[in-house]
Amino acid sequence: MVFRYRLEILAIVAVLTFCALFLYTSSMMGNAEFAGSDTVGSAKIAELAGVPVDEIQPLIPQWVPPSGEVESALFALQAAIGGIMVGLVFGYWIGQKKGTKST
Amino acid sequence: MHIMEGFLPLQWAVFWWLIALPCLVYGVYRLKKVMDADREALPLLGVTGGFIFILSSLKLPSVTGSCSHPTGTGLSAICFGPWITSVVCAIVLLFQALFLAHGGLSVLGANVVSMGIVGPLAGYAVYRALRETRVNMFLTVFLACALADMFTYITTSLELALAYPAEVEGVGSSFVLFMGIFAITQVPLAIVEGVVLALVFKYIVQLKPDILLRMNVFPEEKINAARDDT
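Going line by line, the protein sequences match chains A and B.
For the first sequence, position 83 (counting from the first letter as 1) is numbered 82 according to numbering that gives the first Met the number 0, and the numbering increases by one without interruption.
For the second sequence, position 213 (counting from the first letter as 1) is numbered 212 according to numbering that gives the first Met the number 0, and the numbering increases by one without interruption.
Hints are not guaranteed to be accurate.
List time: in silico SDA-like cross-link candidates among lysine to any residue, alpha-carbon distance up to 25 Å [claimed, not checked]:
hint: 1; chain 1: B; residue 1: 58; chain 2: A; residue 2: 97
hint: 2; chain 1: A; residue 1: 43; chain 2: B; residue 2: 99
hint: 3; chain 1: A; residue 1: 96; chain 2: B; residue 2: 58
hint: 4; chain 1: A; residue 1: 100; chain 2: B; residue 2: 221
hint: 5; chain 1: B; residue 1: 58; chain 2: A; residue 2: 64
Covered stretches of chain A, as calculated for chain B (at least 3 residues, CB under 8 Å) [said to hold, decoys possible]:
hint: 6; stretch: 57–67
hint: 7; stretch: 73–85
Have a look at the derived ranges for each label pair, beta carbon to beta carbon [what the hints assert, rightly or not]:
hint: 8; chain 1: A; residue 1: 20; chain 2: B; residue 2: 21; range: 39 to 49 Å
hint: 9; chain 1: A; residue 1: 68; chain 2: B; residue 2: 124; range: 20 to 30 Å
hint: 10; chain 1: A; residue 1: 50; chain 2: B; residue 2: 135; range: 19 to 29 Å
hint: 11; chain 1: A; residue 1: 12; chain 2: B; residue 2: 212; range: 44 to 54 Å
hint: 12; chain 1: A; residue 1: 49; chain 2: B; residue 2: 133; range: 47 to 57 Å
hint: 13; chain 1: A; residue 1: 48; chain 2: B; residue 2: 213; range: 34 to 44 Å
hint: 14; chain 1: A; residue 1: 79; chain 2: B; residue 2: 124; range: 29 to 39 Å
hint: 15; chain 1: A; residue 1: 46; chain 2: B; residue 2: 133; range: 47 to 57 Å
hint: 16; chain 1: A; residue 1: 68; chain 2: B; residue 2: 27; range: 57 to 67 Å
hint: 17; chain 1: B; residue 1: 39; chain 2: A; residue 2: 50; range: 46 to 56 Å
hint: 18; chain 1: B; residue 1: 183; chain 2: A; residue 2: 49; range: 38 to 48 Å
hint: 19; chain 1: B; residue 1: 219; chain 2: A; residue 2: 87; range: 24 to 34 Å
Hints are computed from structural coordinates only; laboratory data are not their basis.
Even for Gly, the Cβ is constructed at its ideal location relative to N, Cα and C.
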């Protein structure tokens, strides 16, 4: 039985290891901000280009979420769209499988 | 992996758009062909595309003290090939550019090239190389997904290095610099992503093996062996 679920166990171990590593590093690096690598990268670009980040202007005007709250809401919306699609299809397949069994 | 709006000079933004556009056009053509051939492929696209939506919305903290997104493109690249995957990625990236200010319209081309074209191509190459060999099917999925993720970030680093070569040592030195920011953060995320997507693939094999067989994703023996096994 354990053998049958080896991939599941592996996935849980991988996720738990990932969490443990995160907890360890965040406790070791008291000043780590866990900023997005996009943000860190942008700062590096500004350094290389020799202009402050704030002065880099968008080439095409862009709507920016007014706050981190709005941004996280929209990210959650994106994940929800994906989750609905995945759930819908898996449900559809499970239903199909049951339908073929009973007939 | 997003290059922010305005962070690529105009000529580079145009250059990456010119590479991305033909790939997207071909992707739409391939998509139509696959859908016309088999309507049952649409739910599979829903699952693989759904995971791109979910995984690319998660900003996960990594061991380097910064956060980054997984991409989730490997599964789609395996089932549908890299070109259709780039179309799905373009939709996700457009959503993020318009509503989240992650990436932008001028840099969309560059972001599509890294997440939608080079990443999936790398994953697809690994999958094609291992498909007929004796390597375990789920290990193949794991490697393809993890490498698709890694190559996305390597490409982003390269795109930035080309646009911003270091004054003294040139492109190579800035490439190493950007790799340090993007790619190293990504290693643990790529591993977790690979394992999770391999697990998802197991469920697809269990629930709907016939569509994988019809689309010839893996040889019949491998899929049947995995079905008996689980």
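Structure-based check of each hint:
1. B:58 with A:97: violated (37 Å)
2. A:43 with B:99: Cα-Cα ~21 Å, so holds.
3. A:96 with B:58: With Cα atoms ~35 Å apart, residue 96 of chain A and residue 58 of chain B exceed 25 Å; violated.
4. A:100 with B:221: Between residue 100 of chain A and residue 221 of chain B the Cα gap is close to 24 Å, so the pair holds against 25 Å.
5. B:58 with A:64: Holds, at roughly 16 Å.
6. 57–67: holds (count 7)
7. 73–85: Check passed, 11 qualifying residues.
8. A:20 with B:21: 39 to 49 Å: holds (41 Å)
9. A:68 with B:124: 20 to 30 Å: At roughly 41 Å between Cβ atoms, residue 124 of chain B and residue 68 of chain A fall outside 20 to 30 Å, so the hint is violated.
10. A:50 with B:135: 19 to 29 Å: Check failed, 50 Å falls outside 19 to 29 Å.
11. A:12 with B:212: 44 to 54 Å: Hint violated: Cβ distance 31 Å, outside 44 to 54 Å.
12. A:49 with B:133: 47 to 57 Å: About 54 Å separates the Cβ atoms of residue 49 of chain A and residue 133 of chain B, which means 47 to 57 Å holds.
13. A:48 with B:213: 34 to 44 Å: violated (51 Å)
14. A:79 with B:124: 29 to 39 Å: holds (33 Å)
15. A:46 with B:133: 47 to 57 Å: holds (49 Å)
16. A:68 with B:27: 57 to 67 Å: Given about 36 Å between the Cβ atoms, the range is violated.
17. B:39 with A:50: 46 to 56 Å: holds (53 Å)
18. B:183 with A:49: 38 to 48 Å: violated (25 Å)
19. B:219 with A:87: 24 to 34 Å: holds (28 Å)
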